[in-house]
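Peer 1: So the sequence lines, in the order shown, correspond to chains A and B. Just so we're aligned, residue 1 is where the first sequence starts under this note's numbering, counting upward by one. Just so we're aligned, residue 259 is where the second sequence starts under this note's numbering, counting upward by one.
If you are wondering where the hints come from, they were derived from the structure by calculation, not from laboratory data. For clarity, every value in this text was computed on a predicted model and none was experimentally measured. A portion of the hints provided could be inaccurate.
As the list claims (entries may be wrong) - Derived list of chain B stretches under chain A, where covered just means 3 residues or more per stretch with a C-beta under 8 Å from a C-beta of chain A: (1) 302-309; (2) 347-357; (3) 363-369.
From the three backbone atoms N, C-alpha and C, an ideal C-beta is built for every residue, glycine too.
If you want the building blocks of each chain, they are given just below.
2 protein chains.
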Amino acid sequence: MAKPLILVSNDDGITAPGIRILVEVAMKVGEVVVVAPDSPQSGMGHAITIGNTLRLDKSIALDDLDVEAYECSGTPADCVKLAKHHVLKDRRPDLVVSGINHGSNSSISVLYSGTMSAAIEAAIEGLPAIGFSLCDYGHGADFSHIPEFVEQIIRQAIAHQIPQNIALNVNFPKRSEEPIKGIKICRQAQAKWQEEFDERLDPHNRKYYWMTGSFMNYDKGEDTDEWALVNNYVSIVPCQYDMTAHHAIGRLNNDWEF
Amino acid sequence: MAKPLILVSNDDGITAPGIRILVEVAMKVGEVVVVAPDSPQSGMGHAITIGNTLRLDKSIALDDLDVEAYECSGTPADCVKLAKHHVLKDRRPDLVVSGINHGSNSSISVLYSGTMSAAIEAAIEGLPAIGFSLCDYGHGADFSHIPEFVEQIIRQAIAHQIPQNIALNVNFPKRSEEPIKGIKICRQAQAKWQEEFDERLDPHNRKYYWMTGSFMNYDKGEDTDEWALVNNYVSIVPCQYDMTAHHAIGRLNNDWEF
Chain A
1 MAKPLILVSN DDGITAPGIR ILVEVAMKVG EVVVVAPDSP QSGMGHAITI GNTLRLDKSI
61 ALDDLDVEAY ECSGTPADCV KLAKHHVLKD RRPDLVVSGI NHGSNSSISV LYSGTMSAAI
121 EAAIEGLPAI GFSLCDYGHG ADFSHIPEFV EQIIRQAIAH QIPQNIALNV NFPKRSEEPI
181 KGIKICRQAQ AKWQEEFDER LDPHNRKYYW MTGSFMNYDK GEDTDEWALV NNYVSIVPCQ
241 YDMTAHHAIG RLNNDWEF
Chain B
259 MAKPLILVSN DDGITAPGIR ILVEVAMKVG EVVVVAPDSP QSGMGHAITI GNTLRLDKSI
319 ALDDLDVEAY ECSGTPADCV KLAKHHVLKD RRPDLVVSGI NHGSNSSISV LYSGTMSAAI
379 EAAIEGLPAI GFSLCDYGHG ADFSHIPEFV EQIIRQAIAH QIPQNIALNV NFPKRSEEPI
439 KGIKICRQAQ AKWQEEFDER LDPHNRKYYW MTGSFMNYDK GEDTDEWALV NNYVSIVPCQ
499 YDMTAHHAIG RLNNDWEF
């Protein structure tokens with residue numbers, strides 16, 4: 001039986017430690033092709049490149065792993081589009097994986113996440129997809145506790161399929177003294193970032209701003225990704241790209257007057 | 259009674275004709291503050307500015323309309339965050355409107371849309387919000403058939419409220435011989451962009467790519483935004499930012515083995 005074909009992308013860029021770990025795990029399971037941004041794209045959400053040109057070149061960043069790899073000047077969503085329609089063409093991937101992101105993409109962060117936009121773009125293209133993120137922002141983040149879980153989840157996704165039109169948002173707790181307790185299928189917590197803006201003066205006396213903020217979880221449910229992560233479980237949220245609030249259609253039809 | 263406070267943003271930038279029309283309509287209904295990108299941000303999806311600084315300056319682009327206006331170097335989502343937490347502070351907007359976008363943001367385009375990311379960011383912030391888009395991509399798009407509908411929708415949103423945690427995605431058909439038939443509350447059609455990449459050589463003989471593509475509607479339903487627009491209705495889709503595919507949680511719990 002042919003090895004499954006796994007496409008790997010991310011948003012931290014092809015030289016990030018996280019993608020290297022994901023490639024190493026994926027190579028245990030299947031044949032791997034990498035198409036990833038040539039520079040960091042964190043917070044790019046589901047951005048695509050419309051008014052500009054794209055570059056796509058063979059990458060040497062992962063040469064020591066002996067894997068087919070390309071770097072792209074575009075966003076994570078661009079990478080998946082280019083991979084499917086230009087790099088792979090008639091080779092249909094059995095799975096698309098994105099990450100491992102340096103930093104959480106749980107709850108509301110899924111909307112801002114380049115990592116998840118690669119996975120969701122793959123789902124739109126009809127491909128099974130998973131975004132992986134570690135709740136540790138540092139470039140030197142410690143990934144040593146998660147490769148076994150990444151491999152298990154990739155194998156399960158290939159064996160049992162991911163439901164149609166869905167991408168999985170997988171987040172791992174930061175490494176701690178305590179081992180990870182297990183894996184939970186969760187819903188996205190009702191949470192948000194409470195922004196603040198740090199106003200400064202540049203050397204020319206013009207104002208500029210840094211966005212800062214703190215994460216606020218308003219959700220008391222024990223079935224959320226935030227609950228799982230705080231309690232040292234791996235969280236898996238199935239995500240869809242139909243953003244319709246179906247429950248609100250009736251109310252709008254009844255209340256509004258046209 | 260105090261006039262309602264309406265915050266206006268967009269993704270085509272503060273000098274686009276579409277935002278000017280939206281500001282003119284909003285000023286008929288309430289007091290208006292504009293915080294919009296200083297340059298076009300189409301296709302930015304829900305991108306935010308993390309690793310870079312932001313500029314925010316008083317804008318003269320809409321001076322002839324006598325409105326309080328600011329231009330920001332960031333994305334549409336950045337604009338809404340800066341507006342709420344820095345520009346407006348204790349003044350809570352009664353409505354946030356974004357657009358009017360030059361080009362459709364119906365069905366799957368909601369994910370790529372900067373216009374809708376401003377509206378969805380506002381919903382995350384707990385504010386009622388609407389994104390408006392016209393199915394006409396040109397800078398010289400003809401908006402003359404839609405101001406009455408924009409005003410009607412803004413007035414309805416203020417009178418009847420928008421359900422909590424929801425932003426409305428409003429799309430208008432391109433101007434044609436036939437007058438608009440009315441307004442339909444819709445669901446997001448199951449559709450996608452079928453990309454192609456136009457490969458070219460730059461003056462230095464290096465390859466580059468333009469993303470092109472065609473829009474494919476796979477959805478035969480008559481309750482979708484695509485159906486409404488093709489049949490010359492205004493489409494309104496209520497959009498949520500909970501991306502959880504709740505229906506898939508049970509299946510993953512049952513099928514997968516951990």
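Peer 1: All hints, please: hold or fail.
Peer 2: Hint by hint, here is what the structure shows:
no., hint, in the structure
1, 302-309, "holds (count 8)"
2, 347-357, "violated (count 0)"
3, 363-369, "holds (count 3)"
The structure is inconsistent with hint 2 alone, although it conforms to all the rest.
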